[in-house]
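Could you put the whole structure together from the sequences, leaning on the hints where they help?
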Amino acid sequence: MYTIEGQLQYELLKRLFPICRSITGDGVRKTLKIIQEMIPLQIHEVRTGTKVFDWEVPKEWNIRDAYILDENGNKVVDFQKNNLHVVGYSIPINKEVDLAELNQHLYSLENQPDAIPYITSYYKEHWGFCISHNQRKQLKEGKYRVYIDSELKDGFLTYGELIIPGNTKEEIFLSTYICHPSMANNELSGPVVTTYLAKWIASVQRKYTYRIIFIPETIGSITYLSRNLPQMRQNIIAGFNVTCVGDERAYSFVPSRYGNTLADKVALNVLKYRHPDFIRYSYLDRGSDERQYCSPGIDLPITSIMRSKYGQYPEYHTSLDNLDLVSPLGLQGSYEVLKECVEVLEKNEKYKTNCLGEPQLGKRGLYPTLSTIESSKIVRAMMDFISYADGTNDLIDISNIIKVPVKDLFPIIDRLYEQNLISVVDEKSKVLI
Amino acid sequence: MYTIEGQLQYELLKRLFPICRSITGDGVRKTLKIIQEMIPLQIHEVRTGTKVFDWEVPKEWNIRDAYILDENGNKVVDFQKNNLHVVGYSIPINKEVDLAELNQHLYSLENQPDAIPYITSYYKEHWGFCISHNQRKQLKEGKYRVYIDSELKDGFLTYGELIIPGNTKEEIFLSTYICHPSMANNELSGPVVTTYLAKWIASVQRKYTYRIIFIPETIGSITYLSRNLPQMRQNIIAGFNVTCVGDERAYSFVPSRYGNTLADKVALNVLKYRHPDFIRYSYLDRGSDERQYCSPGIDLPITSIMRSKYGQYPEYHTSLDNLDLVSPLGLQGSYEVLKECVEVLEKNEKYKTNCLGEPQLGKRGLYPTLSTIESSKIVRAMMDFISYADGTNDLIDISNIIKVPVKDLFPIIDRLYEQNLISVVDEKSKVLI
Amino acid sequence: MYTIEGQLQYELLKRLFPICRSITGDGVRKTLKIIQEMIPLQIHEVRTGTKVFDWEVPKEWNIRDAYILDENGNKVVDFQKNNLHVVGYSIPINKEVDLAELNQHLYSLENQPDAIPYITSYYKEHWGFCISHNQRKQLKEGKYRVYIDSELKDGFLTYGELIIPGNTKEEIFLSTYICHPSMANNELSGPVVTTYLAKWIASVQRKYTYRIIFIPETIGSITYLSRNLPQMRQNIIAGFNVTCVGDERAYSFVPSRYGNTLADKVALNVLKYRHPDFIRYSYLDRGSDERQYCSPGIDLPITSIMRSKYGQYPEYHTSLDNLDLVSPLGLQGSYEVLKECVEVLEKNEKYKTNCLGEPQLGKRGLYPTLSTIESSKIVRAMMDFISYADGTNDLIDISNIIKVPVKDLFPIIDRLYEQNLISVVDEKSKVLI
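Chains as they are written, first to last, in our numbering: chain P, 1 to 433; chain D, 1 to 433; chain W, 1 to 433.
Be aware that a few hints might be false.
Identical copies look the same in the list; a pair holds intra-copy or inter-copy alike.
To be verified - With a Cα cut of at most 20 Å, we get these calculated PhoX-like pairs of lysine-lysine:
hint	residue 1	residue 2
1	Lys-51	Lys-363
2	Lys-95	Lys-352
3	Lys-59	Lys-363
4	Lys-14	Lys-81
5	Lys-199	Lys-14
6	Lys-124	Lys-363
7	Lys-403	Lys-272
8	Lys-30	Lys-59
9	Lys-169	Lys-95
10	Lys-207	Lys-407
11	Lys-143	Lys-75
12	Lys-377	Lys-140
13	Lys-140	Lys-199
14	Lys-51	Lys-124
I should point out that these hints are in silico values taken from the structure, not numbers from a laboratory. Owing to the predicted nature of the structure, the values given are computational and were not obtained by experimental measurement.
Structure follows, in structure tokens:
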């Protein structure tokens, strides 16, 4: 069952759902404003035409209305009913066309005849409408008025950023995107879960600093990287691209370029114990901002933990990716996995036993008085932990070796630490698998 | 079929069986004295209270007699009949109790109703009796006299040690324990096989020095380590904890902490060829003195080659682990595997061919005159050996690569050596897998 | 279907087939002369008795005629009909023998009663005849005249060598042997395919220098190595022993000693994509000149790509390994695999992307205008290539990671190179797997 956390996340998602977002424009600003009610996001605006690596920031796009009228003046397609009806970045149009010409600007899915597809044309000027294939089949010969009240002009790319300082300059990085119109799993689940993760992080003791960004996909991550790369490369020890985290289906994992970063290590450790049936994709299956974060020369330790992965579920990039597809329980599950990754990272030290041979647990009261199956498991975990606490393994290594979830080791470590039986090895290099 | 070796080992085991051993006391001394008849053990006594790492040497425990009398004066339980009847380290008692109180000091096994369990209470003062569950069920309400004529007092921990010098200071280490009362596989098989290994080692040419100890488990290995660690860390290249080597069931193997020492390498090589059906346990399944030898900071290259592993066979730690469970054949098999490990270690050098390209075997008479399947196998092994005798591989590496048991390579090496076709690379570093 | 290449190779094979070759003698010279019509081989003669590593060059053997006459003067065995009838290196003989004595010099195969076996006695003076088992069974008691008009005398070992210079001193090495009498897969396919590879190599732009030799097996490679080892060790980056490349059965692969050279890497990459059903042997299955090339101290990066491997097909080393066993298609397939290995080696550089983050393909016209399954595969391969073009991977590494054949990457690399999106990392060290 889901708790209040899941419910609150779902409520936020519902509130953000109707807004027509794109990679630029007022939909993004409106979305970030609402998130600002919960966490102190700083909003950045980057001017159209700004050179960002191999790209440049595109024109800003806004849309007020759009529809198609038939000969009788009926609105057969209405942007107000579903913002997916308009191809993203459509230029303004107001003209009468016959069905043949209209068809050249219509997009539908023959195999999913009830779904409105999600289509964009960011880098080539174009206009178009998306409708269900069933509706398309009913369009009769005749004249149609196509009307798009949009604007494509020099403006800004907008993104939100939150830096939550910790005890060290080393950073954990969360990135999510806010460029999709009314779709739920991909992609309102990402910003919603990230918002609640940020709230929780801000409320707890932290070793690490957290860099959390809400950006448009691709052009946004490229823009952000072009402005922050040196600090990011120097400080980020692990990060997650938070996307597709809203439904209740099996978890998915996309590794970093070589699958050998601390982010891979922690994600695989947590998923292995919590959701052993998770689907392990290859970096060849990438498709979101890890394409930038993990590219050569950028080389950040970023992975994705998802539910149904983009491109892998039938509702993806259609009007079927709606409020029914995601759920409080789905959001909350993802939130908890990512939270556990953060908790593990925060405690992930190399430990070293302080005594030669096994310690005598009995004289220290570390043997449980009642010998139950549960208590003997704890003693076993304690002895196994000490056996591998030789200064070469971090907590995740030990968890992997002794087959005990890291979080189950937290109370054991606390007790051994109190008894001065273990020490932390003060060596905070980036740890590879 | 077993040979005289197996028979002699079984005879020694039978002779030692009735003695009531514990982690200290006269049972240990008596056992070591009998073994001294065969090998020149040096016997050490370590005073109660001596600090040994995180532990201290416990009081010495001795027992003369113990029984339970029923109301009619019948001995319903008699230590003289089976020394497992008394909880190890029981304090003296002589008192009348009713059945309810008696039951709080009785131990039996519901699932093995004919077996007397083996129970100890080394580190908490306590008294108790162990009986079969069937007998327990027949005990009637009434008064019982419980009588234990034992003594728990400052004294000594006793162990035996034998150093057999070799041509180098580098050591092979054998450790076995002598702290169990009348049980056969765990644990009289260990000292018995070790005694005969020591006899054999003393009788042959040796490169290595042998450190062979007969100690009480856990507190004994901790005590021994605390007195000898620097030399042991410096000199021991491989060692074996000799335990559970008496029955005829499948061989078992417990690796060192990371499974990457020379002891792992030789044991796996020998078992792979001789007993390919052996059971390969993890270090997480450890349970004997490798817990000390392989612990962080001790880091000795120690493994265990066993038959039925402690904790894994139904008779373990009960009166069913008796003279019927072990056999001359079982003991002898273990003895031979351990002997082969020693033989392989003694010959395990890195070799290097002395000629470029394949040598011409024919002109040297190294081709067999009769070409049989057997002889062509030998030629194949010889050519394969030469192919990998490139100075980087030791004998075990080559055996693993070319899939020929090391011992089968001995005559080949001798012939190639005579012909000056190979040399030994003089590099005696500790070799990892 | 085969092309003209396959047909020409088969024609050459047919022309060379009748010649009676051995490890020395005029058969070798005649064979090399014919090959010289196609490629400018340099022919070397090494004198009998020359010391070559652990061996010495044997006497030269030539044979003019040989037969067995029965009592009626019928030629029951005739060297002119099949040169396999005479044991290779048979000394001259002309004598009457009875059937019992004859039988001591006859070789046949009970399990392949129609086949004449191939037998030699290079290093022990001997004479003998090989016949089919069926024929042998029909020989009646009586007198036979055995006649071998051969000559074994001081002379030369003959081999052919072709150096095709490239832009660097680094070499690719091809070795094949010309010491077998009338057999087709093992071994006229090798020199025939190698001849046509040499012709093609000489006709194209080359980075590498090519060292191509036609030698008698074993003694020839030992002789060649003994005269050329320093340059070979310094210059050869990869090479292939070309043998058993004529039939149409599955491809086979024998690795180098440790399977970790560039020759292993390229061969496995090409076979994996082109002939995924290839049979992967171990170095323990070696049996040809890689026995010398990969031996300790020689350590050349040499592998074998074959069709039916020597020793693994029923016709091997018998008269059944004839013109029917090999085919234009079989030869051509092997030729193409080896050619692709050379092409891949020639282009195998480490590449590095020139931009941070993903490049914008659209503005460079690198996105296909028509979006087909094929074109989107190409875009995927291009993006994947760029993702791993980080300066640490060579082309084969990238091909292995992104699961695209190297040759399919050639046009992609050319386009990215034109657009200045990638650079070559100038580091030409020998690359290990």
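Cross-check of the supplied hints:
Proximity of Lys-51 and Lys-363 under a CA criterion of 20 Å is satisfied inter-copy only: 14 Å between copies versus 67 Å inside one chain copy. Taking CA atoms no more than 20 Å apart as the test, Lys-95 paired with Lys-352 passes in neither setting, with 75 Å inside one copy and 49 Å between copies. With identical chains, the CA atoms of Lys-59 and Lys-363 are at most 20 Å apart between copies only, with a shortest distance of 15 Å across copies and 72 Å within one. For the identical chains of this complex, Lys-14 and Lys-81 are intra-copy neighbours only, at 16 Å inside a copy versus 79 Å across copies, given an alpha-carbon limit of 20 Å.
For the identical chains of this complex, Lys-199 and Lys-14 are intra-copy neighbours only, at 19 Å inside a copy versus 71 Å across copies, given an alpha-carbon limit of 20 Å. In the homo-oligomer, the alpha carbons of Lys-124 and Lys-363 lie at most 20 Å apart only across protomers (10 Å), although the nearest pairing inside one protomer, at 75 Å, exceeds that limit. For a Cα distance limit of 20 Å, the shortest separation of Lys-403 from Lys-272 inside one copy, 10 Å, qualifies, whereas the shortest one across copies, 27 Å, does not. When the C-alpha separation of Lys-30 and Lys-59 is checked against a cutoff of 20 Å, the pair qualifies only within one copy, where the shortest distance is 18 Å, while the shortest distance between copies is 77 Å.
Proximity of Lys-169 to Lys-95 under the C-alpha cut-off of 20 Å is found in neither arrangement, the shortest distances being 57 Å within a copy and 70 Å between copies. For the homomeric pair Lys-207 and Lys-407, the shortest alpha-carbon distance inside one copy (17 Å) is at most 20 Å, but the shortest distance between copies (49 Å) is not. Proximity of Lys-143 to Lys-75 under the C-alpha cut-off of 20 Å is restricted to the intra-copy arrangement: shortest distance 13 Å within a copy versus 100 Å between copies. Taking the shortest alpha-carbon separations for Lys-377 and Lys-140, neither the intra-copy value of 72 Å nor the inter-copy value of 37 Å comes in at or below 20 Å.
In this assembly of identical chains, Lys-140 and Lys-199 lie within 20 Å of each other by CA distance neither inside one copy nor across copies; the values are 53 Å within and 67 Å between. Taking the shortest alpha-carbon separations for Lys-51 and Lys-124, only the intra-copy value of 18 Å comes in at or below 20 Å, while the best inter-copy value is 76 Å.
In this structure, the earlier hints numbered 2, 9, 12, 13 are contradicted, and the remaining ones agree with it.
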